[in-house]
Amino acid sequence: MYFTKIAHLLMGFNYEKKERFIVKKGIVLLLIMMFAVGLLAGCSTEPETVEPEEQQEQEEVSEGNVDEIMDDFGNTITFENPPERIISLAPSNTEILFAIGAGDKVVGVTSYDDYPEEVLDIEKIGDFNGINLERIIELEPDLVINYGDGVTEENERLLEAGIQIAGFEPESIEEITDTILRIGEITGHKQEALDLVDEMLAQEAELVEKVQGLEKKTVFYEIWHEPLMAAGPGSFIDQLISLAGGENVAKDADGDYPQFDLEQLIERNPEVYLTANDLPEKTVESIKERPGFSEIDAIKNDRIYLIDGNIISRPGPRIIQALEMIVEAIHPEVKN
Amino acid sequence: MKGKVRIKSYGFTMLILFILLILMIGTTSTIGSASISPIDVYKVVVSKIPVVGGLIDIDSITSSQHSIIWSVRLPRVLLGVIVGAGLSISGASFQGLLKNPMADPYILGISSGAALGAAIAIIMKLEAAFMGFSGISIMAFIGALIAVTLVYNIGRIRSHVPVTTLLLAGVAVGQFLTAITSLLMVIYNRDMTKIIYWTLGSLAGKGWNPITTMSIPLIAAMGILLFFSRDINIMLTGEESAKSLGVNVERIKVYVLLLGTFITSMAVSVSGIIGFVGLIIPHIVRLIVGPDHRILLPASAIVGSIFMVFTDTIARTVISPMEIPVGIITAIFGGPFFIYLLRSKKKAL
Numbered sequence: 002m003y004f005t006k007i008a009h010l011l012m013g014f015n016y017e018k019k020e021r022f023i024v025k026k027g028i029v030l031l032l033i034m035m036f037a038v039g040l041l042a043g044c045s046t047e048p049e050t051v052e053p054e055e056q057q058e059q060e061e062v063s064e065g066n067v068d069e070i071m072d073d074f075g076n077t078i079t080f081e082n083p084p085e086r087i088i089s090l091a092p093s094n095t096e097i098l099f100a101i102g103a104g105d106k107v108v109g110v111t112s113y114d115d116y117p118e119e120v121l122d123i124e125k126i127g128d129f130n131g132i133n134l135e136r137i138i139e140l141e142p143d144l145v146i147n148y149g150d151g152v153t154e155e156n157e158r159l160l161e162a163g164i165q166i167a168g169f170e171p172e173s174i175e176e177i178t179d180t181i182l183r184i185g186e187i188t189g190h191k192q193e194a195l196d197l198v199d200e201m202l203a204q205e206a207e208l209v210e211k212v213q214g215l216e217k218k219t220v221f222y223e224i225w226h227e228p229l230m231a232a233g234p235g236s237f238i239d240q241l242i243s244l245a246g247g248e249n250v251a252k253d254a255d256g257d258y259p260q261f262d263l264e265q266l267i268e269r270n271p272e273v274y275l276t277a278n279d280l281p282e283k284t285v286e287s288i289k290e291r292p293g294f295s296e297i298d299a300i301k302n303d304r305i306y307l308i309d310g311n312i313i314s315r316p317g318p319r320i321i322q323a324l325e326m327i328v329e330a331i332h333p334e335v336k337n
Numbered sequence: 081m082k083g084k085v086r087i088k089s090y091g092f093t094m095l096i097l098f099i100l101l102i103l104m105i106g107t108t109s110t111i112g113s114a115s116i117s118p119i120d121v122y123k124v125v126v127s128k129i130p131v132v133g134g135l136i137d138i139d140s141i142t143s144s145q146h147s148i149i150w151s152v153r154l155p156r157v158l159l160g161v162i163v164g165a166g167l168s169i170s171g172a173s174f175q176g177l178l179k180n181p182m183a184d185p186y187i188l189g190i191s192s193g194a195a196l197g198a199a200i201a202i203i204m205k206l207e208a209a210f211m212g213f214s215g216i217s218i219m220a221f222i223g224a225l226i227a228v229t230l231v232y233n234i235g236r237i238r239s240h241v242p243v244t245t246l247l248l249a250g251v252a253v254g255q256f257l258t259a260i261t262s263l264l265m266v267i268y269n270r271d272m273t274k275i276i277y278w279t280l281g282s283l284a285g286k287g288w289n290p291i292t293t294m295s296i297p298l299i300a301a302m303g304i305l306l307f308f309s310r311d312i313n314i315m316l317t318g319e320e321s322a323k324s325l326g327v328n329v330e331r332i333k334v335y336v337l338l339l340g341t342f343i344t345s346m347a348v349s350v351s352g353i354i355g356f357v358g359l360i361i362p363h364i365v366r367l368i369v370g371p372d373h374r375i376l377l378p379a380s381a382i383v384g385s386i387f388m389v390f391t392d393t394i395a396r397t398v399i400s401p402m403e404i405p406v407g408i409i410t411a412i413f414g415g416p417f418f419i420y421l422l423r424s425k426k427k428a429l
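For the protein sequence lines, the chains are A and B, in the order given. Going by our numbering, the first residue of the first sequence is number 2, and it counts up by one from there. Going by our numbering, the first residue of the second sequence is number 81, and it counts up by one from there.
These are computed hints drawn from the structure, not numbers from a lab. Each hint should be verified, as a subset may be incorrect.
To be verified - Cut-off 30 Å, straight-line C-alpha distance, at most; resulting in silico cross-link-like pairs (DSS-like, lysine-lysine): (1) A/301 with B/205; (2) B/128 with A/289; (3) B/205 with A/289; (4) B/123 with A/301; (5) A/252 with A/336.
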């Protein structure tokens, strides 16, 4: 259908994440095999021509004696001097840049960026629907930081323009701190990054200690309600729930953000119901009124919590704040 | 004589299909990802019947099981019945009326109009309910009606509506409205996910409200549509000959388009845009019962119900605890089955 096709295209980043669970491993394997066969068949004569180029690149790197950092997608980022002009294509990465003191180098962000307040004055060069490639190149950045690996064609245009790209897709606290350290190295704010990570880990340990020994509560985290989607075992929300002394009732679902069966939700009967306050009409009352919800313990006992969506959905430095909010929701007794 | 025999056999076909539908509802309501025995399901259902209900002992059933059966599963199955019936019967009548095998309930821009209406309602946060319908449903309904009115008036040449111009107008208006919806989604990208999910369609978690408010007008509209099946038959032989046989072609067109639009818009406004059912089911039914709309329309409605309930049951159970969007299942099961029928009954087309 034409409409849905358009819609799929527009979904861009978000859509890919949510659809991931549908792509069965078998299909992926098949595609990889087809791709491999294609490579073998098509490129049997090419390796000789490719190899020297690679060697040359490696030599250049070792000669220059500069720092080189790998991102999550195999791009090597090398700078003799720290980048002076950075464009961040995700709010989480922007928050990292500001938290490690590289905020003054940021010259472009997305329209979703709203933290810290300074970013509101920075030029908006796109959102998850797409980026304004021409404007980015016009801004002459040294570095563009993607969330995920970005769009291949756009990456190629940026590289052609001599702009380096880095992509990060942290899915756990460890990966978030690792991302912070690498962004710290790339931007020449290594020490600040180390300090930030130390502080985050200390706060995390403190929170985990608070809930140590407390009885585990069953928790459901609603990503979306129409259709019902849960935070699955691959998501960092799942990790936050277990750190906060909760047990995710959707932990046996496949993927990061699976569509979840309402019958299962009622049967598994979570004690705590969490969701982000991402829609003005999503209120505790509206959740209580949903068909079939009245028999869930969390609803019966008024244990529905709306969590700040801008904090919990961003894998950045404020993830510890998100953990704190979840701890307080699951175990309100630790607050005092 | 021959005609009478046919009518009788039509009645027999409908009876069999109806029994199949009842069996399908009976079986699928016992199937679900929650572990509840079929007997408990029937106990809960019977306990809701006024007189006999008191005789049934449902103490052994926990309140959450009760809630799963009564508030979640049954309304979902019944919603599948009315949505599947509505989409199939409008698809069948549009295919006949427009003499076009590619016609489906959405061909005259209904889906684009409904999506635009829903998008506007979502963006403007129209939560005001009217007679139990949400603001989104009402706007989707109005959007669909406006889209079809536009298409009809663009396609009209003086007092008659040639099928070709109607179809082309449908495509053009559909694309235009889709573009506006896309534009709205780009501008108000905060609401984009909500709009997308509305358009992808789902029968999950709707509860009883859509069924109690919609089933009567929907079934009434389908019943009225059946009265036009003879006229659609005659119009299929050519509009000129239909006119000479005393059929008011233009008026019939308006009525059938109105009813089909009404039915589809109702279905779409509550379930979103579920594809494939309204296109393929009429073809499958035509291959089985033949091209007479007197049987094709009601049979399509029931087969559409059966198919919709069946595919939605797969969607909600096959990868439990997760769900698959039902539109994917309708295509996965309907596509190959239709190809099989097409190959084995090629000559019948």
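Status of the hints after comparison with the structure:
1. A C-alpha spacing of about 28 Å is found between residue 301 of chain A and residue 205 of chain B, which places the hinted pair at or below 30 Å, so the restraint holds.
2. Pair hint residue 128 of chain B plus residue 289 of chain A holds up; C-alpha atoms about 23 Å apart against a cutoff of 30 Å.
3. For the suggested pair residue 205 of chain B and residue 289 of chain A, the alpha carbons sit about 20 Å apart, so the restraint of at most 30 Å is met.
4. With a C-alpha separation of about 25 Å, the suggested pairing of residue 123 of chain B with residue 301 of chain A holds against the 30 Å cut-off.
5. Between residue 252 of chain A and residue 336 of chain A the CA atoms are separated by roughly 26 Å; this keeps the pair inside 30 Å, and the hint holds.
When each numbered hint is compared with the structure, no violation occurs for any of them.
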